[in-house]
Amino acid sequence: MPSAIRLLALMGRENNPLYVRSFDPTLSTEDDQKTDLRYHFLAHIALDVFAARLPTKSADSDFGLLFVQDGIAIYGWMTNTGVKIILGFSSGEVIGSEIRSIFRAIHFAYISLVCNAFYDVDERQPITSRKFDISVRRIVEAWNGTTPPAARSVSVLPGSPKPATPVENVVMSYSDSRTATPVAQTTVS
Amino acid sequence: MAVRTPRQIGEDVWKTRIEKVNAELVTLTYGSVVAQLCKDFTNDYIQVNEQLDKMGYNIGIRLIEDILARTNSERCRSFKDTAEMISKVGFKIFLNITPAILNWSQDNKQFSLIFDDNPLSDFVELPDDGKAINELWYSNILCGVLRGALEMVQLQVEAKFVSDVLRGDDTTEMRVTLIRVLEDEMPVGDE
Amino acid sequence: MTIYSFWIFDRHCECIYHKDFKRPMRQLRPTSALSSTDPKQRNTSGGPPKGSGPLTVDDESKLVFGVVFSLRNMVKKLSGDQESFFSFKTTKYKLHFFETQTNLRFVMVTDTRVDGVRPILEQIYAGLYVEYVVKNPLSPPEHPGGEGVNNELFTLGLDRFLRPLSIFE
Numbered sequence: 001m002p003s004a005i006r007l008l009a010l011m012g013r014e015n016n017p018l019y020v021r022s023f024d025p026t027l028s029t030e031d032d033q034k035t036d037l038r039y040h041f042l043a044h045i046a047l048d049v050f051a052a053r054l055p056t057k058s059a060d061s062d063f064g065l066l067f068v069q070d071g072i073a074i075y076g077w078m079t080n081t082g083v084k085i086i087l088g089f090s091s092g093e094v095i096g097s098e099i100r101s102i103f104r105a106i107h108f109a110y111i112s113l114v115c116n117a118f119y120d121v122d123e124r125q126p127i128t129s130r131k132f133d134i135s136v137r138r139i140v141e142a143w144n145g146t147t148p149p150a151a152r153s154v155s156v157l158p159g160s161p162k163p164a165t166p167v168e169n170v171v172m173s174y175s176d177s178r179t180a181t182p183v184a185q186t187t188v189s
Numbered sequence: 190m191a192v193r194t195p196r197q198i199g200e201d202v203w204k205t206r207i208e209k210v211n212a213e214l215v216t217l218t219y220g221s222v223v224a225q226l227c228k229d230f231t232n233d234y235i236q237v238n239e240q241l242d243k244m245g246y247n248i249g250i251r252l253i254e255d256i257l258a259r260t261n262s263e264r265c266r267s268f269k270d271t272a273e274m275i276s277k278v279g280f281k282i283f284l285n286i287t288p289a290i291l292n293w294s295q296d297n298k299q300f301s302l303i304f305d306d307n308p309l310s311d312f313v314e315l316p317d318d319g320k321a322i323n324e325l326w327y328s329n330i331l332c333g334v335l336r337g338a339l340e341m342v343q344l345q346v347e348a349k350f351v352s353d354v355l356r357g358d359d360t361t362e363m364r365v366t367l368i369r370v371l372e373d374e375m376p377v378g379d380e
Numbered sequence: 381m382t383i384y385s386f387w388i389f390d391r392h393c394e395c396i397y398h399k400d401f402k403r404p405m406r407q408l409r410p411t412s413a414l415s416s417t418d419p420k421q422r423n424t425s426g427g428p429p430k431g432s433g434p435l436t437v438d439d440e441s442k443l444v445f446g447v448v449f450s451l452r453n454m455v456k457k458l459s460g461d462q463e464s465f466f467s468f469k470t471t472k473y474k475l476h477f478f479e480t481q482t483n484l485r486f487v488m489v490t491d492t493r494v495d496g497v498r499p500i501l502e503q504i505y506a507g508l509y510v511e512y513v514v515k516n517p518l519s520p521p522e523h524p525g526g527e528g529v530n531n532e533l534f535t536l537g538l539d540r541f542l543r544p545l546s547i548f549e
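So the sequence lines, in the order shown, correspond to chains L, A and D. The numbering used here applies: residue 1 is where the first sequence begins, and numbers increase by one. The numbering used here applies: residue 190 is where the second sequence begins, and numbers increase by one. The numbering used here applies: residue 381 is where the third sequence begins, and numbers increase by one.
Since the hints were derived computationally from the structure, they do not count as laboratory data. One thing to keep in mind: the hints can contain errors.
[Stated by the list, open to error] List of simulated lysine to aspartate or glutamate pairs, EDC-like, C-alpha gap at most 20 Å:
id	chain 1	residue 1	chain 2	residue 2
1	D	Lys472	D	Asp400
2	A	Lys243	D	Glu522
3	D	Lys457	A	Glu263
4	D	Lys456	A	Asp373
None of these values were measured; they are calculated from a predicted model.
Whenever a hint applies, use it, and build me the whole structure from the sequences.
Put into structure tokens, the structure is as follows:
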């Protein structure tokens with residue numbers, strides 16, 4: 001089963017939550033998706049990893065796999081302006097360099113949001129824009145199922161045995177090269 | 190020289206005689222003007238529409254000279270020609286769009302411009318205060334531009350938006366109505 | 381070949397720019413030397429004084445405009461709105477005329493041998509007037525008394541444009 005996006009979070013420069021959404025099929029209402037504490041928790045853990053890795057990273061860069069918790073693999077990206085984009089994937093196939101295109105797409109959606117003249121960038125308020133909601137939902141849904149797997153350029157060949165290294169609660173480094181150590185989880189999904 | 194259609198004139202001028210500027214710069218500049226007006230008038234959107242229209246008027250009376258100087262085109266023979274020029278030349282060379290001309294009235298004095306693409310409103314989401322979506326015409330400056338530009342070529346028109354995708358409508362539509370053709374002014378004190 | 385003078389009139393029929401180059405005809409009286417100092421009286425006096433006394437700049441501008449305006453109207457009445465006249469000639473001078481669709485009127489008076497001034501007037505409009513007057517955001521949209529037109533860029537540009545021309549000697 002391909003890795004599905006379970007969490008998308010944007011954290012502001014001051015580590016304030018701008019946008020936290022879970023895409024957990026067990027959460028049916030939108031309110032639940034916004035407020036489920038587990039995902040807020042994951043997003044905030046990610047911030048610590050960002051802080052820890054920041055000295056070795058340049059701006060606008062891929063922070064790779066941040067950690068895995070409760071069967072969710074958390075990946076991060078920080079923009080030039082210090083906004084952190086956090087994605088959580090359910091277990092499944094290895095996420096390779098194609099994750100960058102998702103980060104880019106989300107970053108672009110965020111730029112479009114900021115370009116709205118009525119959006120107050122200084123505000124530390126969470127994002128409430130419907131347009132942004134719709135565009136990230138589209139990105140996530142495209143990844144999670146509606147696009148054929150081939151279009152997603154997965155790094156694992158079809159039919160190849162699924163890497164099954166159980167990894168839990170481990171913060172590990174991440175490289176986006178295709179030959180990197182496969183990372184996956186086998187827990188709940 | 191063969192008579193060129195408005196489309197040819199517009200394409201030609203756009204390609205060869207227009208200095209291009211980054212679209213985002215225009216969008217953001219216009220956006221911050223509108224947002225600032227909304228702040229200055231404490232979200233009195235009716236006032237904001239009016240101000241945008243006035244600003245547009247002042248732009249229009251200058252832009253028309255620029256169009257005429259660049260295109261060197263002949264005077265339009267009918268209001269239908271004028272509509273073509275507005276869409277295929279005016280909007281083409283300043284915004285690189287050619288809004289569709291539809292819904293002519295019986296007397297040929299009213300038509301609609303349908304904007305499939307409006308560079309001014311890229312990125313924009315109207316404020317979520319329950320009021321803007323019913324009152325603010327975000328791109329109202331365009332109405333003023335048309336009014337000002339046409340007045341300079343002796344056409345008094347009324348231009349107003351009747352729908353906008355920003356408000357959730359299916360299309361963005363501006364209605365242009367010819368009120369009258371202005372007479373040439375006579376010298377003062379001349380009988 | 382010589383340019384004698386150049387005029388711009390706006391759609392309100394006001395002279396908004398005037399420049400004399402060479403003037404073989406009789407000298408003009410400066411406006412300030414008017415016997416009547418009341419400008420209102422001047423405007424309502426019903427045109428320039430008759431007789432052979434020297435003309436003021438104001439009077440001449442009215443005469444020039446009166447002539448081109450009447451000619452233009454006559455031409456339009458005779459052969460339709462699209463029609464316009466280019467020039468007329470007397471034994472002493474030739475007057476060239478160009479009107480934009482926005483009813484700006486450009487007039488140039490030259491000696492009788494000069495031809496093809498219309499493109500020059502069009503270029504003054506497109507290259508100088510539009511660039512330096514219309515597009516100057518600080519210049520007012522209307523130009524009562526020539527305000528905004530008589531700026532340095534336009535004046536210098538006009539001078540620089542006309543001097544190298546063969547008709548300017």
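Here is how each hint holds up against the structure:
For the hint pairing D:Lys472 with D:Asp400, the CA-to-CA distance comes to about 16 Å; that is within 20 Å, so the pair holds. Restraint check for A:Lys243 and D:Glu522: satisfied, since their Cα atoms lie roughly 15 Å apart, inside the 20 Å limit. With a C-alpha separation of about 18 Å, the suggested pairing of D:Lys457 with A:Glu263 holds against the 20 Å cut-off. Proximity of D:Lys456 to A:Asp373 is assessed by CA-CA distance (about 12 Å); at most 20 Å being required, the pair is judged to hold.
Hint check: no violations occur; every hint is consistent with the structure.
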